[in-house]
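Taken in sequence, the protein lines are chains A and B. If you read the first sequence in our numbering, its first letter stands for residue 147, the second for the next number, and so on. If you read the second sequence in our numbering, its first letter stands for residue 411, the second for the next number, and so on.
Quick caveat, the hints were computed from the structure, so don't treat them as lab data. Check each hint, because a few of them may be wrong.
[What the hints assert, rightly or not] Restraint ranges, calculated between C-beta atoms of paired labels, are given here: (1) Arg566/B with Ala214/A: 33 to 43 Å; (2) Leu262/A with Trp474/B: 49 to 59 Å; (3) Ala241/A with Trp474/B: 36 to 46 Å; (4) Ala210/A with Met1065/B: 30 to 40 Å.
[To be verified] Sample of chain B residues lacking proximity to chain A, with all beta carbon distances greater than 10 Å (derived): (5) Arg565; (6) Val864; (7) Thr992; (8) Phe1078.
Owing to the predicted nature of the structure, the values given are computational and were not obtained by experimental measurement. Glycine residues also receive a C-beta, built at the ideal position from the N, C-alpha and C atoms.
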Amino acid sequence: MKSSFVEALLVVIFFLNLFVLGTSRLRSTITASAAQGVVAGFLTVLLHTNHLGRALVVAGGTIAIKGALIPTLLHRALLSTKTRREVEPYVGFSASLLLGAVATGAAILFAERLPLAIEHQGMLLVPASMATILTGFIVLTTRRKAITQVVGYLVLENGVFLMALLLHDALPSLVEVGVLLDLLVAIFVLAIVIHHVQRDFSSDGADVAEFHRLRE
Amino acid sequence: MNLLAQVGLAGLFIVATGFASQCLNARLAATVAALGAVLGGAWGAFAAARALGMSAPMELALPWAMPGGEFVVGLDPLSAFFLLPVFVVGAVCAAFGRSYLGARPWSAAGFNLFIGSMVLVLLARHGFLFLLAWEVMTLAAYGLIARAHHDAEVRRAGWAYLIASHVSVVALLLCFALLGAFLGEHGHNSLAFSDWAILKSSIGASAALGWGGMSTIFGLALVGFGIKAGALGLHVWLPEAHAAAPSHVSAVMSAVLIKLGLYGLLRLYVLLPAPPWFGAVLSLFGVLGALIGIALSLQQRDIKRTLAYSSVENMGIIWLALGLGFMFRAHGLDAAAGVVLAGALLHVWNHAAMKGLMFLGAGSVVHAAGTKDIERLGGLLGKMPVTGLALIVGAVAIAGLPPLNGFASEWLVFVGLSRVAREGTGAVSLLAMTAAALLAMAGGLALLGFVRLVGMALLGLPRHERTALAQESSVGMTLPLSVMTMLCCAAAVFSPRLVSRLDSVVGALSGAGGPAAPAAVAHDGAVRQAAELLSPVSQVSMALLLVVGAAILGLRQWTRAAPRTETWSCGYTAATPRMQYTASSFSEFLSTRVLPRWLQPLRWTERPEGLLPSRAQMISRESDPVTRKTYEPLLRQIADRLGLLRFFHQGRLQMYLLYMLVAVVLGFGWISVRDDAGRNTAPLKPARFQPAPPKPEARPPAAEGR
């Protein structure tokens, strides 16, 4: 029963990946990535019942940072920088979705070939984590705003977090390090807010595309 | 305390005082750093001088938490031979630098680090430690060369040095890695020098490496160490860096740093069985370096470039003598070869003393006159008597003229060569005679070059207003200069004693080369003979120095009373300093009539036309033919090719992330494909080792007939 619940949650993660790629609204992408983080936090508890106390702490930290702190900061950043509420991708939404689907398929195919431990074989966790990492990369490469860069990084980091769940028994501190990575994202967001990237590089919202003016 | 510890601690003391003094204020810090270098240098020099006579080499292994590295240091006569100039010249130049650069504590600390790293290079007995020290030495020197980085020319020189040095390090890395990999296969601790000797002691091991392997290793070493040692063709960084660096740094680089390239080669030669071509290639590099180096030196307008090319020449002489010595020994002419080798080694010391002296003298001139351009100097002997006298002594020494030390070592080489010419047969005798003739030609050109340098810079009238205001440098500079001058004179007077100290070094080199050569047999008596050969030289030197010294003093007394008037100018009353010979015009005949075209400076002339005087000009620019003809086109071509890579440098964050994505996806893909391939081929693998199926032709002919 528990296993099928885990699988269901992983399917939610797949779905959220595609949602991040397909939606045109900035707020929705932020919420979706936050939701993915919350799901990942729950998965920690479900997968590691033998170290329940510790898993609870990690899950609590993950959910608090990914589900509450970072989205709040991002929403505030969105308001304070007066960024337009649209995603403005380089690659259209349907093409992004297609890419995401290809990435998911590739991740499932690839995960089958990995020499995994016996207890991890056949689980959806590995393909889900890879698909999430690839989705994060796609968001990072096809979106132009600073905020979407942060979202892409968050999604990628969710993928890394899921992969780290495999190793929770072997390397317990790895997952905690993952939580620290979330703090790094928080600092990213703060940097956008505090240093007003948009004022230095662009008149219309923080736009990393303008960084190319710094090219040698 | 044993000598190894003394030398090591002296080096450490020099570096430590440099950095520890940084907590003081700038003036005090620079002084303390220089003082540390002087005291440490004196201590180290005494220890190194005693180590020259040591019978058994010392080694010491210290704990070191470096993966793949071992902190093994050692001391033997070969190291001590090179340590002595490092400490002596380092100490004198540090003292000079304190006045030359003023209160610049970080430059002083960098200089001390430079000296200390050279000491470590000479003590290191493990490939890893050696390369590490080598790299620290390179970078410390770069920091010193590029000190005046606001000047574009200095930046350019710094780049040239850095690039050349890293090509050198890459070659050495490959060389050491090849050796290490080979020895690792045979179960030895692959990078320790003591284990490299196995290649020599066991004939089996050297046979396994083979002629080709040994040639590759020595070829790479020739490139790597040859770049540092200023071998012709690999010397392009040398004039640039020597001209750009502060003078005391140029002095150390020319006197010591480039010798370390030679040390590296000799160390490998002592440790490993050298391929038979080694001596020949060494002498070929040498003869080219000597002739072309001095020909280029003659054309330079920059006083420090002139000296730098003269270093190429002198290194050429040393390479030539060493290479010939190795070759003669291979032909069984042990005694004569020993004399040539002793001459080459003595020239290493002598060149360190006289080139250190010349660069310090040039530094004093540059400091006073504010220019390195010989065409703007002139008449400095009267204004700067100590510097002028030092430069004259140095020039006489470098030109290889009798009363000074340059003559002593070159003379040994010539005597050795003439002995080979007499004793040897056929080709060897001819080779010795040819080499002697070419060396004599280089010596003649060097004489011309230093007459030009001294004549233009010190005599005549100042060619520029700034030069006319020059004054003698402070005691902080003239004292080190005087010390170096004394060293040069002493090296000439005591040359027999110096050469007898070289006994064990010549022995090490004589015992080297082939796997079966018994040490200390070949050189027996050679060094004693050399010392005997030098004793008339030293007597003549002493007599001449006394006579010349007395004459100078007497002349000064005499001229003090004489009235000063203008030089007689054939009744022409409006003579100006511009009417003097310039340095370019002095060497014009040689550079335009004698030298081959590709060695000549570039020149553009616009001749006056018509009956009336009209516009005319002549521009000449000296440039290094090797740089101009080889490296510049080659590097430009490479740069053009690499320019295509700029396409990938889009400056968009997303593009860089995309590259990462592509790399990750390709990595995933490669792993899957490789696993697939592994799965498919796995059952096939053993087939390779099965005996091949019988070939169709091997069928019995009876079956065919059916």
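Can you give the numbers of the hints that this structure goes against, from lowest to highest? Going through the list in order, the structure violates hints 1, 2, 3 and 8 and respects the others.
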